[in-house]
Amino acid sequence: MKHLLIIGAGDLAETVFDLANRELGVGVAGFAVHAAHRSRSLVCGLPVVDLEGIEESHPPSAYDLFVAIGYKDGNRTRQRLVRWAEGLGYNLPALVSPDATIQAGDLASNVCVAAGAIVQPYAQIGTATLIRAGAIISHHGRIGEACYIGPGSLMGGRVDIGERVFIGLGSRIRDGIKITDDVMIAMSASVTKDIVNSGKYAGSPARKTA
Amino acid sequence: MKHLLIIGAGDLAETVFDLANRELGVGVAGFAVHAAHRSRSLVCGLPVVDLEGIEESHPPSAYDLFVAIGYKDGNRTRQRLVRWAEGLGYNLPALVSPDATIQAGDLASNVCVAAGAIVQPYAQIGTATLIRAGAIISHHGRIGEACYIGPGSLMGGRVDIGERVFIGLGSRIRDGIKITDDVMIAMSASVTKDIVNSGKYAGSPARKTA
Amino acid sequence: MKHLLIIGAGDLAETVFDLANRELGVGVAGFAVHAAHRSRSLVCGLPVVDLEGIEESHPPSAYDLFVAIGYKDGNRTRQRLVRWAEGLGYNLPALVSPDATIQAGDLASNVCVAAGAIVQPYAQIGTATLIRAGAIISHHGRIGEACYIGPGSLMGGRVDIGERVFIGLGSRIRDGIKITDDVMIAMSASVTKDIVNSGKYAGSPARKTA
Numbered sequence: 026m027k028h029l030l031i032i033g034a035g036d037l038a039e040t041v042f043d044l045a046n047r048e049l050g051v052g053v054a055g056f057a058v059h060a061a062h063r064s065r066s067l068v069c070g071l072p073v074v075d076l077e078g079i080e081e082s083h084p085p086s087a088y089d090l091f092v093a094i095g096y097k098d099g100n101r102t103r104q105r106l107v108r109w110a111e112g113l114g115y116n117l118p119a120l121v122s123p124d125a126t127i128q129a130g131d132l133a134s135n136v137c138v139a140a141g142a143i144v145q146p147y148a149q150i151g152t153a154t155l156i157r158a159g160a161i162i163s164h165h166g167r168i169g170e171a172c173y174i175g176p177g178s179l180m181g182g183r184v185d186i187g188e189r190v191f192i193g194l195g196s197r198i199r200d201g202i203k204i205t206d207d208v209m210i211a212m213s214a215s216v217t218k219d220i221v222n223s224g225k226y227a228g229s230p231a232r233k234t235a
Numbered sequence: 026m027k028h029l030l031i032i033g034a035g036d037l038a039e040t041v042f043d044l045a046n047r048e049l050g051v052g053v054a055g056f057a058v059h060a061a062h063r064s065r066s067l068v069c070g071l072p073v074v075d076l077e078g079i080e081e082s083h084p085p086s087a088y089d090l091f092v093a094i095g096y097k098d099g100n101r102t103r104q105r106l107v108r109w110a111e112g113l114g115y116n117l118p119a120l121v122s123p124d125a126t127i128q129a130g131d132l133a134s135n136v137c138v139a140a141g142a143i144v145q146p147y148a149q150i151g152t153a154t155l156i157r158a159g160a161i162i163s164h165h166g167r168i169g170e171a172c173y174i175g176p177g178s179l180m181g182g183r184v185d186i187g188e189r190v191f192i193g194l195g196s197r198i199r200d201g202i203k204i205t206d207d208v209m210i211a212m213s214a215s216v217t218k219d220i221v222n223s224g225k226y227a228g229s230p231a232r233k234t235a
Numbered sequence: 026m027k028h029l030l031i032i033g034a035g036d037l038a039e040t041v042f043d044l045a046n047r048e049l050g051v052g053v054a055g056f057a058v059h060a061a062h063r064s065r066s067l068v069c070g071l072p073v074v075d076l077e078g079i080e081e082s083h084p085p086s087a088y089d090l091f092v093a094i095g096y097k098d099g100n101r102t103r104q105r106l107v108r109w110a111e112g113l114g115y116n117l118p119a120l121v122s123p124d125a126t127i128q129a130g131d132l133a134s135n136v137c138v139a140a141g142a143i144v145q146p147y148a149q150i151g152t153a154t155l156i157r158a159g160a161i162i163s164h165h166g167r168i169g170e171a172c173y174i175g176p177g178s179l180m181g182g183r184v185d186i187g188e189r190v191f192i193g194l195g196s197r198i199r200d201g202i203k204i205t206d207d208v209m210i211a212m213s214a215s216v217t218k219d220i221v222n223s224g225k226y227a228g229s230p231a232r233k234t235a
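Chains as they are written, first to last, in my numbering: chain R, 26 to 235; chain S, 26 to 235; chain D, 26 to 235.
It is worth saying that the hints were derived from the structure and are not from the lab.
Be aware that a few hints might be false.
Any copy will do: because identical chains look the same in the list, a pair fits if it lies in one copy or spans two.
[Claimed, not checked] The calculated DSS-like cross-link candidates involving lysine-lysine, where the alpha carbons are at most 25 Å apart (straight line), are:
hint : residue 1 : residue 2
1    : Lys203    : Lys97
2    : Lys218    : Lys233
3    : Lys203    : Lys233
Turn these sequences into a full structure, and let the hints guide you.
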């Protein structure tokens with residue numbers, strides 16, 4: 026693998042650095058953020074550069090990228106930047122912890138799977154989706170692009186989840202459930218029926234709250 | 026291990042195939058279902074044969090069996106077929122994912138333990154019980170015959186669970202709880218008191234619903 | 026490592042014995058309890074000696090200690106005995122299952138991490154804290170002294186937990202939450218706000234119950 030430039034400089038970027046550098050032994054060149062958002066010059070001891078101009082400072086011929094931007098804007102910025110970087114010719118590798126268990130086939134670009142997570146047989150994970158520690162994607166499940174699958178969340182068999190969906194810490198999705206795009210499932214929620222309208226859902230069983 | 030014939034041809038059978046074949050390197054001969062239920066001729070690229078007559082087509086001298094039938098009939102068919110197959114002289118091996126953690130002694134026949142599951146020290150697991158991904162059976166626990174222990178479910182220390190009990194995805198059983206036979210614990214339930222009557226239980230704390 | 030003397034003789038001591046002896050290959054000399062509490066002469070086949078007088082029978086020059094006393098008194102006895110033993114010059118090693126994932130730095134004295142547990146990058150764990158199977162301490166989290174982190178419990182990023190806190194089986198703590206000292210979070214609870222008063226909390230969202 027080429028050296029890696031991480032886009033983002035927050036907590037998620039720090040955990041991606043740890044995964045790439047310590048767990049996987051990938052050389053990390055540094056971090057990149059929009060000039061207007063740059064508040065630190067060093068993260069994890071490495072330089073933070075302006076995102077504007079990385080095509081020259083860190084060209085796709087020499088660097089891979091990973092977009093480590095979280096869910097606070099509904100996972101939109103991460104999805105947009107991954108598409109932008111792919112358009113520029115960058116490779117955005119999947120980063121999988123050696124302590125995760127992947128039983129499905131190849132993972133898409135800019136997917137991150139943290140320690141203890143399990144992706145069961147015949148499951149599919151979309152580009153730019155982040156799977157946090159201990160989450161379980163059961164057999165035949167489908168997770169769309171740019172989702173955030175929170176720590177310890179549980180998805181039963183054959184779930185079908187759209188794009189930019191947030192699955193909160195410790196929430197549970199019943200077997201066979203479909204969830205549309207742009208849904209936020211709160212921490213500890215339990216989803217027992219299909220979700221066909223975008224918005225926020227919470228509780229056990231989960232109900233629409235916003 | 027001899028070649029394995031899997032009884033069943035649904036999602037569970039496919040996941041058992043993946044466990045046996047890909048994870049454990051066991052040769053799988055195919056699948057067997059009752060002739061009346063046979064809707065596909067191939068599953069995972071292997072033949073589906075009639076269950077009637079396997080004593081001749083796949084005799085116990087040449088084949089092991091694994092009964093991969095789920096919980097929809099209250100775990101009764103799996104228990105019955107395991108007993109029937111044992112009566113015919115078949116060996117029904119325990120199949121344990123290399124990514125599971127078994128800290129107890131030998132496992133009984135036709136037990137399946139998926140990736141990420143943990144069976145702690147001094148625990149006992151009954152014949153024909155299925156333990157799904159990420160489930161935890163804590164120390165000194167006892168799980169009876171033909172149970173289904175759902176993904177990510179958590180059992181505290183010294184739980185004592187009867188026969189044909191279904192433990193739903195993400196449900197939690199307090200330390201020391203006893204549960205009688207033929208109980209169904211719904212997804213996400215939290216069991217805080219002993220259950221002495223068969224039936225369905227849901228909620229947090231769990232209450233009888235049927 | 027020197028031979029280990031385990032203080033305590035209950036279920037927790039048995040699981041610590043299994044971790045030290047079977048998982049880690051540490052020689053265990055036996056168990057020690059206050060003479061007034063000694064009800065068995067053998068545990069796991071090894072002698073139970075009086076805690077009074079271990080400085081002579083099992084001096085710090087020849088033995089390490091691990092205090093395997095649970096949470097029933099609010100984690101006070103374990104904390105007190107660890108401090109007492111450190112004062113006598115004993116080494117109290119951290120015991121970490123080979124099936125746990127530690128992504129943070131060195132662990133403090135008398136910490137126990139069971140199989141399947143995950144301690145993420147940049148997290149800190151205090152002396153005498155017990156982390157049970159499958160629990161997840163997310164990135165940048167801080168757990169104080171003498172806590173008990175129950176099986177399958179989930180802590181989001183940057184949680185900050187005080188001393189002698191009990192986190193029940195399957196409970197979940199939101200990102201960034203602070204919990205003061207001497208708090209008991211019941212099984213399956215979901216903590217969504219800071220807890221500034223000691224006491225018992227239960228439910229989803231968690232509320233004070235005692």
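Homo-oligomer pair classification [Lys233, Lys218; C-alpha up to 25 Å]
both (12 Å within a copy, 21 Å between copies)
Give the relationship of Lys203 and Lys97 under a CA distance limit of 25 Å: within one copy only, between copies only, both, or neither.
both (23 Å within a copy, 21 Å between copies)
Within, between, both or neither: how does the pair Lys203, Lys233 come out at a Cα-Cα threshold of 25 Å? within (15 Å within a copy, 28 Å between copies)
In this structure, every one of the numbered hints holds.
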